[in-house]
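Here the protein sequences line up with chains A and B, keeping their order.
Letter by letter, the first sequence follows residues 11 to 540 in the working numbering.
Letter by letter, the second sequence follows residues 11 to 540 in the working numbering.
Source of the hints: derived by calculation from the structure; they are not laboratory data.
Any given hint might turn out to be false.
The list cannot tell twin chains apart, which means a pair is met if one copy fits it or any two copies do.
Stated by the list, open to error - Cross-link-like lysine-lysine pairs, in silico, BS3-like; alpha carbons within 25 angstroms at most:
#1 Lys119 x Lys415
#2 Lys491 x Lys525
#3 Lys522 x Lys167
#4 Lys506 x Lys338
#5 Lys306 x Lys135
#6 Lys522 x Lys338
#7 Lys287 x Lys80
#8 Lys306 x Lys519
#9 Lys361 x Lys289
#10 Lys113 x Lys287
#11 Lys506 x Lys522
#12 Lys70 x Lys256
#13 Lys338 x Lys361
#14 Lys447 x Lys423
#15 Lys167 x Lys506
#16 Lys70 x Lys525
#17 Lys135 x Lys334
#18 Lys491 x Lys80
Protein chains: 2
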Amino acid sequence: MLRNILVRSTGSNFKFAGRYMKSSALLGYYRRVNYYSTKIQTRLTSENYPDVHRDPRFKKLTSDDLNYFKSILSEQEILRASESEDLSFYNEDWMRKYKGQSKLVLRPKSVEKVSLILNYCNDEKIAVVPQGGNTGLVGGSVPIFDELILSLANLNKIRDFDPVSGILKCDAGVILENANNYVMEQNYMFPLDLGAKGSCHVGGVVATNAGGLRLLRYGSLHGSVLGLEVVMPNGQIVNSMHSMRKDNTGYDLKQLFIGSEGTIGIITGVSILTVPKPKAFNVSYLSVESFEDVQKVFVRARQELSEILSAFEFMDAKSQVLAKSQLKDAAFPLEDEHPFYILIETSGSNKDHDDSKLETFLENVMEEGIVTDGVVAQDETELQNLWKWREMIPEASQANGGVYKYDVSLPLKDLYSLVEATNARLSEAELVGDSPKPVVGAIGYGHVGDGNLHLNVAVREYNKNIEKTLEPFVYEFVSSKHGSVSAEHGLGFQKKNYIGYSKSPEEVKMMKDLKVHYDPNGILNPYKYI
Amino acid sequence: MLRNILVRSTGSNFKFAGRYMKSSALLGYYRRVNYYSTKIQTRLTSENYPDVHRDPRFKKLTSDDLNYFKSILSEQEILRASESEDLSFYNEDWMRKYKGQSKLVLRPKSVEKVSLILNYCNDEKIAVVPQGGNTGLVGGSVPIFDELILSLANLNKIRDFDPVSGILKCDAGVILENANNYVMEQNYMFPLDLGAKGSCHVGGVVATNAGGLRLLRYGSLHGSVLGLEVVMPNGQIVNSMHSMRKDNTGYDLKQLFIGSEGTIGIITGVSILTVPKPKAFNVSYLSVESFEDVQKVFVRARQELSEILSAFEFMDAKSQVLAKSQLKDAAFPLEDEHPFYILIETSGSNKDHDDSKLETFLENVMEEGIVTDGVVAQDETELQNLWKWREMIPEASQANGGVYKYDVSLPLKDLYSLVEATNARLSEAELVGDSPKPVVGAIGYGHVGDGNLHLNVAVREYNKNIEKTLEPFVYEFVSSKHGSVSAEHGLGFQKKNYIGYSKSPEEVKMMKDLKVHYDPNGILNPYKYI
Ligand SMILES: Cc1cc2nc3c(=O)[nH]c(=O)nc-3n(C[C@H](O)[C@H](O)[C@H](O)COP(=O)(O)OP(=O)(O)OC[C@H]3O[C@@H](n4cnc5c(N)ncnc54)[C@H](O)[C@@H]3O)c2cc1C
Ligand SMILES: Cc1cc2nc3c(=O)[nH]c(=O)nc-3n(C[C@H](O)[C@H](O)[C@H](O)COP(=O)(O)OP(=O)(O)OC[C@H]3O[C@@H](n4cnc5c(N)ncnc54)[C@H](O)[C@@H]3O)c2cc1C
Numbered sequence: 011m012l013r014n015i016l017v018r019s020t021g022s023n024f025k026f027a028g029r030y031m032k033s034s035a036l037l038g039y040y041r042r043v044n045y046y047s048t049k050i051q052t053r054l055t056s057e058n059y060p061d062v063h064r065d066p067r068f069k070k071l072t073s074d075d076l077n078y079f080k081s082i083l084s085e086q087e088i089l090r091a092s093e094s095e096d097l098s099f100y101n102e103d104w105m106r107k108y109k110g111q112s113k114l115v116l117r118p119k120s121v122e123k124v125s126l127i128l129n130y131c132n133d134e135k136i137a138v139v140p141q142g143g144n145t146g147l148v149g150g151s152v153p154i155f156d157e158l159i160l161s162l163a164n165l166n167k168i169r170d171f172d173p174v175s176g177i178l179k180c181d182a183g184v185i186l187e188n189a190n191n192y193v194m195e196q197n198y199m200f201p202l203d204l205g206a207k208g209s210c211h212v213g214g215v216v217a218t219n220a221g222g223l224r225l226l227r228y229g230s231l232h233g234s235v236l237g238l239e240v241v242m243p244n245g246q247i248v249n250s251m252h253s254m255r256k257d258n259t260g261y262d263l264k265q266l267f268i269g270s271e272g273t274i275g276i277i278t279g280v281s282i283l284t285v286p287k288p289k290a291f292n293v294s295y296l297s298v299e300s301f302e303d304v305q306k307v308f309v310r311a312r313q314e315l316s317e318i319l320s321a322f323e324f325m326d327a328k329s330q331v332l333a334k335s336q337l338k339d340a341a342f343p344l345e346d347e348h349p350f351y352i353l354i355e356t357s358g359s360n361k362d363h364d365d366s367k368l369e370t371f372l373e374n375v376m377e378e379g380i381v382t383d384g385v386v387a388q389d390e391t392e393l394q395n396l397w398k399w400r401e402m403i404p405e406a407s408q409a410n411g412g413v414y415k416y417d418v419s420l421p422l423k424d425l426y427s428l429v430e431a432t433n434a435r436l437s438e439a440e441l442v443g444d445s446p447k448p449v450v451g452a453i454g455y456g457h458v459g460d461g462n463l464h465l466n467v468a469v470r471e472y473n474k475n476i477e478k479t480l481e482p483f484v485y486e487f488v489s490s491k492h493g494s495v496s497a498e499h500g501l502g503f504q505k506k507n508y509i510g511y512s513k514s515p516e517e518v519k520m521m522k523d524l525k526v527h528y529d530p531n532g533i534l535n536p537y538k539y540i
Numbered sequence: 011m012l013r014n015i016l017v018r019s020t021g022s023n024f025k026f027a028g029r030y031m032k033s034s035a036l037l038g039y040y041r042r043v044n045y046y047s048t049k050i051q052t053r054l055t056s057e058n059y060p061d062v063h064r065d066p067r068f069k070k071l072t073s074d075d076l077n078y079f080k081s082i083l084s085e086q087e088i089l090r091a092s093e094s095e096d097l098s099f100y101n102e103d104w105m106r107k108y109k110g111q112s113k114l115v116l117r118p119k120s121v122e123k124v125s126l127i128l129n130y131c132n133d134e135k136i137a138v139v140p141q142g143g144n145t146g147l148v149g150g151s152v153p154i155f156d157e158l159i160l161s162l163a164n165l166n167k168i169r170d171f172d173p174v175s176g177i178l179k180c181d182a183g184v185i186l187e188n189a190n191n192y193v194m195e196q197n198y199m200f201p202l203d204l205g206a207k208g209s210c211h212v213g214g215v216v217a218t219n220a221g222g223l224r225l226l227r228y229g230s231l232h233g234s235v236l237g238l239e240v241v242m243p244n245g246q247i248v249n250s251m252h253s254m255r256k257d258n259t260g261y262d263l264k265q266l267f268i269g270s271e272g273t274i275g276i277i278t279g280v281s282i283l284t285v286p287k288p289k290a291f292n293v294s295y296l297s298v299e300s301f302e303d304v305q306k307v308f309v310r311a312r313q314e315l316s317e318i319l320s321a322f323e324f325m326d327a328k329s330q331v332l333a334k335s336q337l338k339d340a341a342f343p344l345e346d347e348h349p350f351y352i353l354i355e356t357s358g359s360n361k362d363h364d365d366s367k368l369e370t371f372l373e374n375v376m377e378e379g380i381v382t383d384g385v386v387a388q389d390e391t392e393l394q395n396l397w398k399w400r401e402m403i404p405e406a407s408q409a410n411g412g413v414y415k416y417d418v419s420l421p422l423k424d425l426y427s428l429v430e431a432t433n434a435r436l437s438e439a440e441l442v443g444d445s446p447k448p449v450v451g452a453i454g455y456g457h458v459g460d461g462n463l464h465l466n467v468a469v470r471e472y473n474k475n476i477e478k479t480l481e482p483f484v485y486e487f488v489s490s491k492h493g494s495v496s497a498e499h500g501l502g503f504q505k506k507n508y509i510g511y512s513k514s515p516e517e518v519k520m521m522k523d524l525k526v527h528y529d530p531n532g533i534l535n536p537y538k539y540i
């Protein structure tokens, strides 16, 4: 029905993308077979950044330390580097951009063990990197030197779910997709979704304050996380696993740990408000001829789709060319190529009402000529396929070797100009082109509904020249528009030195004070964040 | 149309409440004419609580201090106690329960002046009470002894509004209703609403992390506040007035100030994400025969009304009898009396769709006999009138003299048992009955959708005997159910000693450490909070 209307207003034909595996499944697969490592050899971070030096305050692990860990942990909870095992799964990040040299990974199975480990490391001044699903994009989850890796992967139990309130309590190491599937069975949904869901942890998304695809609708984790259980650097367990939607008794301590990227405490448990599972989803894929029109469509969508609008993503032409190179057999959803594409998702409790709202909205924007072409998914398969054109971009951007990723907040009107300015700069530096030029190109896409741009620079190799062309250029651009140099991915190792582009010296000072306040020995995730 | 359906399913007639002034207008009126003070004489807090002593560390104001303030402030920015002016508007709280003895109120007109004042007070160890609209319900906004009152009332400008993103930036002293009216004109709405909106400040609601009537739909201020400008106890201005929906660059410092009740900094500016103004509102007033049925209706409403459900309030029979005593000429919305009433509000972008969802929902719950009677407002006037039966309760509860207010979070199933237990206990203590018995009765109502109960004990006078019967009884009850002793009103003076019923010793310790960290001289809002 909707399809007919669209055909009427645009005169174009409608095709639908073919079938693919779920992106998260793909992601898991890639990781397991080390897909990228065949194309690019990750160099040690310490070699790439010779200016960063190992802090001599931190103790080098001894056999005594190992014996202590053996005394409190079982064999399966300890992984040691050996000739056959270089622990690269834990030492290298998802982008294969950062590589540490840890010789020891601990995977404790209880909160008490996390506490014992930290207490010991704090006393002995052993540096520790907390690690979730290791899907972070700023090099925060892997060591720089020989830091001990404390993986939360074995803390992976659902603790409790209340079907009346929708409050979920779980261990930090539960994989996001598992948590979501669990509550979906009880007619609820996790308030956050992202491409890495098949690998990332609930604790990891809280530690990074991940945003993702549903933020537009359900808000940030600062609103939906109700309680946390945290082990402090000295091993103290702070149990704040509250299950109340409202609780105004004192400073809201848990907020500090949301987005603290493992620098002041290890999150071991999460209590979170999930949302009622929508009964109906619609996805529509549209083309527009300018970024100005992207903005117009957004303002209209927010007014007309209002409470059922659950995602508003934009993708530029190049990002879809890249996606196409991965989605090989798939037919592109639209007839022709266009400068910009928009993916709109609605979700609600009544399919007829949602269809009618979307229909009216699309009729309006097409009749006014703001949207030039478009399709609406007619069933679940088509819906998944349309999403692929958005979700495949992160992987596609690094299929040629690597990717420099910038994830920024900008005023909507300036959002795309960063991509244009970056391409211009890379061309000027004569870095872009076919092989052997190192750069494939800069593309832009992202959660435009949140003022959040993902600028991805697809490269054939990581090298200093590219990095210097991009940084601090990108950060200076963002700062000049009063944006944020990290909308959602965080600071990690990559942006440690760039926080000043988004925060004032007073704010940075206050943050450093807090770090010292909670982690006086600085053992947690050193060389990163602030 | 809807009306007919209801008539069909219940057989009852439908009447609608008459016209009233907006509750906030009434509120302003009451305050100005000191309505309650004719009935009850507020005693000094220091007399009521002889165990609380003035901290000798704090300096008593001298003429030098006054001269300094005169040197930086204009005459209109300084209010001094005199024979004709006892500053009772600033010294007494909204409930007329707490009364301080401040001799000096400063009402600075700029952030820089706030900074100068605090810097001076910190150096001189002069205790300061930040005050917004003075509508707080826990005695947090008035002095206990001779603390200087720093009122934000003159910092009352809208700074900026962006109609594309819906982000509002304003001074802390803007009255909530003014802020809301301002954005309403541009098709947005403040994400928070409460009965005190005609008097309370935007900064005040942030300082208390107020919840209110729309939390169910738009979430807490921890999610919607994007930035704050804060003056620290030493006078340092921290400008964090960001206007980005997403910003993951470092610890989210602003979160600490949300709900900090003026104890670690003075909020002078607020940046907040407003929400698109709904195009359609519906309000329905229903009766059910048990609190179990209240819960059943809630679960159903969340499933069936889902994204358009914007308020779910319950009121017990006694609360409506009290409201009736204030809403004198108004016809009660329903034919008969019932043990419990529910007010449901929906808001959305399409009136027809909303009507149809509400209709189906009401048909279902009435056919199943869960709801026994009900009306739906047919126009804006009726809608306002139905809301009155909920919004009049706070005022009505204290129309006999005073009110002991408890605002707790409890698991839904235990929510009402606290009201029953409290009434039983008051009866046992032979405190309830017609005058001269001091207690009129305990009533229960509130934001049941958030697990939040307002327990109001209406009294003819404040006295120690009542207080001892209620406290710590109420807090012990809440603690035994793992609830919160303050869902939204905060700790203030009233609950300073009761935080231990909701938070662990580790958490309280961490909070006390933060207080010392930010306010080493303890000048901000002493004798309160933690
Ligand atoms: C394909 C893909 C798509 C993505 N899409 C998005 C997106 O849309 N939005 C978005 O915001 N992000 C996105 N990300 C990045 C995002 O930050 C991560 O996917 C996720 O939040 C990290 O979770 P993790 O469990 O993998 O954490 P890790 O990568 O293991 O760790 C991330 C950081 O948190 C710390 N940490 C992890 N667990 C804990 C813990 N329990 N306690 C304390 N500290 C801890 C680590 O030390 C590290 O600093 C994407 C990543 C990928 C690979
Ligand atoms: C009729 C009525 C209905 C109410 N309904 C609700 C409700 O539904 N939900 C709810 O949560 N609350 C409700 N309240 C209480 C609520 O806490 C207040 O109305 C409001 O949040 C306080 O705002 P205010 O500006 O009056 O602050 P005040 O009462 O002046 O101050 C409250 C506290 O915040 C501090 N403070 C105030 N301004 C600042 C500032 N700029 N910087 C630092 N500290 C500051 C004060 O020191 C004090 O500790 C209601 C109150 C009334 C009278």
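Hint-by-hint comparison with the structure:
Taking the shortest Cα distances, lysine 119 and lysine 415 never come within 25 angstroms of each other, neither inside one copy (34 angstroms) nor across copies (45 angstroms). With identical chains, the CA atoms of lysine 491 and lysine 525 are never at most 25 angstroms apart, being 28 angstroms at best within one copy and 35 angstroms at best between copies. In this assembly of identical chains, the alpha carbons of lysine 522 and lysine 167 never lie at most 25 angstroms apart, being 34 angstroms within a copy and 33 angstroms across copies at closest. In this assembly of identical chains, lysine 506 and lysine 338 lie within 25 angstroms of each other by CA distance neither inside one copy nor across copies; the values are 38 angstroms within and 64 angstroms between.
For the identical chains of this complex, lysine 306 and lysine 135 are neighbours neither inside a copy (55 angstroms) nor across copies (55 angstroms), given an alpha-carbon limit of 25 angstroms. Proximity of lysine 522 to lysine 338 under the C-alpha cut-off of 25 angstroms is found in neither arrangement, the shortest distances being 48 angstroms within a copy and 59 angstroms between copies. In the homo-oligomer, the alpha carbons of lysine 287 and lysine 80 never lie at most 25 angstroms apart, since the shortest distance is 44 angstroms inside one protomer and 60 angstroms across protomers. In the homo-oligomer, the alpha carbons of lysine 306 and lysine 519 never lie at most 25 angstroms apart, since the shortest distance is 40 angstroms inside one protomer and 51 angstroms across protomers.
Taking CA atoms no more than 25 angstroms apart as the test, lysine 361 paired with lysine 289 passes in both settings, with 7 angstroms inside one copy and 20 angstroms between copies. Taking CA atoms no more than 25 angstroms apart as the test, lysine 113 paired with lysine 287 passes in neither setting, with 43 angstroms inside one copy and 56 angstroms between copies. In this assembly of identical chains, the alpha carbons of lysine 506 and lysine 522 lie at most 25 angstroms apart only when taken from the same copy (12 angstroms versus 30 angstroms across copies). Taking CA atoms no more than 25 angstroms apart as the test, lysine 70 paired with lysine 256 passes in neither setting, with 45 angstroms inside one copy and 38 angstroms between copies.
In the homo-oligomer, the alpha carbons of lysine 338 and lysine 361 never lie at most 25 angstroms apart, since the shortest distance is 32 angstroms inside one protomer and 45 angstroms across protomers. Taking the closest pair of Cα atoms, lysine 447 and lysine 423 never come within 25 angstroms of each other, the shortest separation being 32 angstroms inside a single copy and 66 angstroms across copies. With identical chains, the CA atoms of lysine 167 and lysine 506 are never at most 25 angstroms apart, being 33 angstroms at best within one copy and 36 angstroms at best between copies. For the homomeric pair lysine 70 and lysine 525, the shortest alpha-carbon distance inside one copy (23 angstroms) is at most 25 angstroms, but the shortest distance between copies (37 angstroms) is not.
For the homomeric pair lysine 135 and lysine 334, neither the shortest alpha-carbon distance inside one copy (49 angstroms) nor that between copies (67 angstroms) is at most 25 angstroms. In this assembly of identical chains, the alpha carbons of lysine 491 and lysine 80 never lie at most 25 angstroms apart, being 53 angstroms within a copy and 40 angstroms across copies at closest.
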